[in-house]
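Asks: Join the two chains into one complex using the hints; note that each chain is given alone, in its own frame.
Taken in order, these protein sequences are the chains called A and B.
When the letters of the first sequence are read in order and numbered with the numbering used here, they come out as residues 1 to 263.
When the letters of the second sequence are read in order and numbered with the numbering used here, they come out as residues 264 to 514.
Be careful, since some hints might not be right.
Derived lysine to aspartate or glutamate pairs resembling EDC-like cross-links, with alpha carbons at most 20 Å apart [claimed, not checked]:
#, chain 1, residue 1, chain 2, residue 2
1, A, K222, B, E404
2, A, K140, B, E455
3, A, K140, B, D495
4, B, K374, B, E455
Bear in mind the hints are in silico, worked out from the structure with no lab data behind them.
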Amino acid sequence: MAGIPLPVRRSFGETTRRDRWWLPPALVFVGLSLFIVYATWAAFQSAHYWLPGTNYLSPFYSPELFGTSPHAWFGSAPPWWPGWLPYSPALLILWAPAGFRATCYYYRGSYYKAFWADPPGCAVGEPRKGYVGESGWPLKAQNVHRYFMYVAVLFIGLLAYDAVTSFWFPGEGFGVGVGSLVLTVNVVLLSGYTFGCHSLRHIVGGRRDCLTDSPACQAMYKGCSALNRRHGLWAWMSLISVMFADVYVRLCSMGVWTDYRLI
Amino acid sequence: MGQATFRIWRTKPEGGGEFRDYPAEVGEGMVVLDAVHQIQATQAPDLACRWNCKAGKCGSCSAEVNGVPRLMCMTRLDDLPTDQPVIVEPMQAFPPVKDLVTDVSWNYEVKKRIAPFKPRPADAPDGTWRMAQEDADRVQEFRKCIECFLCQDVCHVLRDHHKHEQFVGPRFLVYAASLEMNPLDTGDRVPELKKEYGIGYCNITKCCTKVCPEHITITDNAIIPLKERVVDEFYDPVLKLIQLVFRPRKK
Numbered sequence: 001m002a003g004i005p006l007p008v009r010r011s012f013g014e015t016t017r018r019d020r021w022w023l024p025p026a027l028v029f030v031g032l033s034l035f036i037v038y039a040t041w042a043a044f045q046s047a048h049y050w051l052p053g054t055n056y057l058s059p060f061y062s063p064e065l066f067g068t069s070p071h072a073w074f075g076s077a078p079p080w081w082p083g084w085l086p087y088s089p090a091l092l093i094l095w096a097p098a099g100f101r102a103t104c105y106y107y108r109g110s111y112y113k114a115f116w117a118d119p120p121g122c123a124v125g126e127p128r129k130g131y132v133g134e135s136g137w138p139l140k141a142q143n144v145h146r147y148f149m150y151v152a153v154l155f156i157g158l159l160a161y162d163a164v165t166s167f168w169f170p171g172e173g174f175g176v177g178v179g180s181l182v183l184t185v186n187v188v189l190l191s192g193y194t195f196g197c198h199s200l201r202h203i204v205g206g207r208r209d210c211l212t213d214s215p216a217c218q219a220m221y222k223g224c225s226a227l228n229r230r231h232g233l234w235a236w237m238s239l240i241s242v243m244f245a246d247v248y249v250r251l252c253s254m255g256v257w258t259d260y261r262l263i
Numbered sequence: 264m265g266q267a268t269f270r271i272w273r274t275k276p277e278g279g280g281e282f283r284d285y286p287a288e289v290g291e292g293m294v295v296l297d298a299v300h301q302i303q304a305t306q307a308p309d310l311a312c313r314w315n316c317k318a319g320k321c322g323s324c325s326a327e328v329n330g331v332p333r334l335m336c337m338t339r340l341d342d343l344p345t346d347q348p349v350i351v352e353p354m355q356a357f358p359p360v361k362d363l364v365t366d367v368s369w370n371y372e373v374k375k376r377i378a379p380f381k382p383r384p385a386d387a388p389d390g391t392w393r394m395a396q397e398d399a400d401r402v403q404e405f406r407k408c409i410e411c412f413l414c415q416d417v418c419h420v421l422r423d424h425h426k427h428e429q430f431v432g433p434r435f436l437v438y439a440a441s442l443e444m445n446p447l448d449t450g451d452r453v454p455e456l457k458k459e460y461g462i463g464y465c466n467i468t469k470c471c472t473k474v475c476p477e478h479i480t481i482t483d484n485a486i487i488p489l490k491e492r493v494v495d496e497f498y499d500p501v502l503k504l505i506q507l508v509f510r511p512r513k514k
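In isolation and in its complexed conformation, chain B is listed as follows (with noise of 0.2 Å):
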C-alpha cells in the first residue's frame, strides 16, 4: 500500500492540544492500531495509546478515526482513504488524559448506579434456575457489550451536551435491559430508568448502535424496549386502568 500520514492529536504539557502529522509505512491487513504502534516505535516514543488483546474484544483501544468512534485495532487501513492524512484522536466525551488516553472511570462509578440482578428464588433444591432457551436469548446479545464505551463517546447527549450527571448513556441502558429483561430477575428499574438514569434524554438517533463494534442492537432491541417499559409505568392511563382491573403488576 505505501506510505500514509496519520495526523494523530498530541496533548501539551500546559493543557490543550494539537493535530501533528507521522508519515508511516503501511501494508496488506494493517490495522490504525498497528500503525500508531509503528509511529511510537520509530516516531513518538512518547505517543500515549491504551490497548490490549488487539483483536477487538477488550474495548481499550477506542479512539475516534476520520471522525468516527471505532477500536483502532479493528479499523482496517485498506477500508479508510489513504490518499489523505488518517485523523486519529481520542474519545471527545470523556476528559483527555494524554494524546489518545481518555479517562472513562465515569463509567464505573454510572455501573455502580444500576440496581444490581435480583433473582427469584431457586427453581430447584440444588439453588439453581430453569429458564427457556429463547427467554436467555433476548438477554444474551447484551451480554457481548465489551464496555470499549464508544457508544457513550457518540451518544450527542454526552458528548455534545454533556448530560453526565443526568444521563447513564447507551452502554448502561443496555446493561440495564439485560438485567430488566432478565427472566430470573425480580428487580424493578422503570422508575430509576426514567428519574434518575434519564432515558427520556435519549432521542434515537441510533449512533450508538451504529458503532458498535459488537454489532448490539442497542437502540431497538434494549432503549426502545425500555422506553416502552417507562410508557407503560409513566404514561399510559388505559394500560394502567387495565391493569389496575384485570392484572395487578407483578413486584
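If we strip away everything but chain A, and leave its shape as in the complex, we get (with noise of 0.2 Å):
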C-alpha cells in the first residue's frame, strides 16, 4: 500500500449507515450480562439445585461430583476445597461449559463487538488504534476451544440422563411432569447447539479434502454442518433454556412454583 494515503481512520462510532447497527451488539450485551449474573449467582447458591419427590436436578449442577444431595457422585463437600472459599457443587463443573462458550466461534464474534467494540458494528469506527487480534495473546488462547467442546459433549451425555431419568418420580414410578419437559428440551437445545459447534464439524470430517471415503464421516459432516447453519440461533435458545432450566428447578425447589404432573 506504499505510496497512495488510505483513507483517514474513522472515530469510534463513526459512520454512514442510516440503520439500527447498534442494536444486535446492544442486545448481545444485555443478554450476555444478564446470563453472566444471574450463572454466579446461582452457582454460588448451593441450595435449590434439585427438587425433593423428583428426579430433577439443575443444569448447572449437573453433574453433581460433591453435594448433599441424593444425585452427589462422590459424597459430600471434598476436604481439599479451601476454607476461603464458600463450597458448591456448580464451581467443579461450570468452567466446562463457561470455557466452551466463551471460546466458541459464534459467541467470540458477538462479544467482541458487544463488549470491546472491535468493532462497534460492521463498518463502524473503533475506540482504538493497535489490534492484533486472535493472532496474539491473550486471544489466542481461543484456540482451546476444541478441547472444551469434548468436555461439552460429555456433558450433553449426562444431561440427556438427566432428562431421562426426570421421567420417573421415586415411589411412583414412570411420568412426567412439568420439570420433565424444561429438562428434556433443554438438552434437545444443548445438543443442537454443541452438535452444530464449528470445532466438532471440523473433527468429524472437516478437516478431510475428500468427505466421500468415509461415509461415516460425511453423514457426521453432513449433521454437523446442518445444525451449524443455525449455531448462533442455537446458542441463544440453548442459553434461555439453560437458565430457565435452573430457575424451574430452584422456585420449585423453594415452594414459589408448583410442579404440575401431567401423567
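Replies: Below you can see the structure in the form of C-alpha cells.
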C-alpha cells in the first residue's frame, strides 16, 4: 500500500450507516451480561438446585460430583476445598460449559463487538488503534475451543441422563412433570448447539478434503453442518433454556412454583 | 417514486474531498448505479465511477451506500429510504483514486502470494482426474466469488487497522480455502495461513459474510475451517501426538 494514502481512520462510532447497527451488539451485551450475573449468583447458592420427590437436578449443578443432594456422586464437599471459598457443587463443573461458550466461534464474534467494540458494528469506527486480534496473547488461547468441546459433548450425555431420569419419580415410577419437559427441551437445545460446533464439524469430517472416502465422516459432517447453519440461534436458545431450567428447579424447590404432573 | 437526493463523495484535486448533494429523478426498478449515471449525464460529467456489467457479476461498482459496502448495480432504490439523502462514497479500505473509484491493485498483489493449485498426478491415462461431486461442492461455493472486494472493505482489520501487510483479508482466505480444501490439491498452505496470511487477525465478526453479494458463507465455511486446520497444526498437542503414533500426516 506504499505510495497512495489510505482514507483517514474513522473515530469511535463514526459511520454513515443509517440503520440501527448498534441494536444487535447492545442486545448481545444485555443478554450475556444478564446470563453471567444470574449464572454466577446461582452457582454460589449451593441450595435449591434439586427438587425433592422428583429426579430433577438443575443443569448448573449437573453432574454433582460432591454435594449433599441424593444426586451427588462422591458424597459431601471435598476435604481439599479451600476454606475461604464457599463450597458449591456448581463451581466444580461450570468451568467446562463456561469455557465452551467463551471460546465458541459464534460468541467470540458477538462479544468482541458487544463488549470490546472491536468493531462496534460492521463499517463503524473503532475506539482503539492497536490490534493483534487472535494472532497474539491472550486471545490466542481461544484455540483451546476443541478441548472444551470434548467436555461439552460429555456433558450432553450426562444432561440427557438427567432428562431421562426426570421421567421417573421416586416411589411412583414413570410420570411426566412440567419439569421433565423443561429438562428434556433443555438437553435438546444444548445438543443442537453443541453438535453444531465449528470445531466438532471440523473434527468429524471438515478436516478431510475427500469426505466421500468415509461415509461415516460424511454423514456426521452433514449433520454438524445442518446444525451449524443456525449456530447462533442454537447458542441463544440453549443459553435461555439452561437458565430457565435452573430457574424452574430453583423456584419449584423454594415452593414458589408448583411442578404440575401431566401424567 | 419522484425525486431523491444523492450525497456523493467528490475528491478535490488538491487532496481530500467532500460530500456534494445531487437531486435526481428516481423511478421504479432503479438501482443506485442508475442514479449515479443520471447524475453523471446531467449534472456532474466529471464524476468518476467504475462499473461494467450492471448485473452484479463483474464486481466493479463496489462502493458504500448509506455506510454499507454494496454493489451499486444491485442496490435498489426502493430498498433505501429516499426521504433523506442517499449517501454514496468509495470503499474505505483502499486508497482513493477519484470520487467513487479506489485503487484495489493491492488485492492482485496479495493473490500472487497465495501458493497456487498443485494437483496430484492424473487419475486416468488421458490426464484427467476423478472426484465425487459432493467433494467438489464444498469448494464450488468459494468459486462464486466475483472479486468485488466488499468483504475486504468491510473487514475492520484492513479498514480500521490498516493491517494490509500482515493480513490478506477475507477474499484471499476464501481463495486459500478453495485451494486447500480441493480434493485434487496436494499443497499445504497451513503454515502460511498462520504466519504470512495472518489468519489469526480475523476475529470472526462475520461482517464479510454479511456484505458478500454472492452470499458465500465466508466465515463459517472458509475462515473458521482454515482456523481449525491451523489449530490442528500448531495448537493441538493431543492431535499431533495421535497423528504421530497412529497416522503420520500426509504432506
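Asks: All the hints need checking, so say for each whether the structure fits it.
Replies: Verification of the supplied hints:
| no. | hint | in the structure |
| --- | --- | --- |
| 1 | K222/A x E404/B | holds (16 Å) |
| 2 | K140/A x E455/B | holds (17 Å) |
| 3 | K140/A x D495/B | holds (14 Å) |
| 4 | K374/B x E455/B | holds (13 Å) |
Hint compliance for this structure: no hint is broken.
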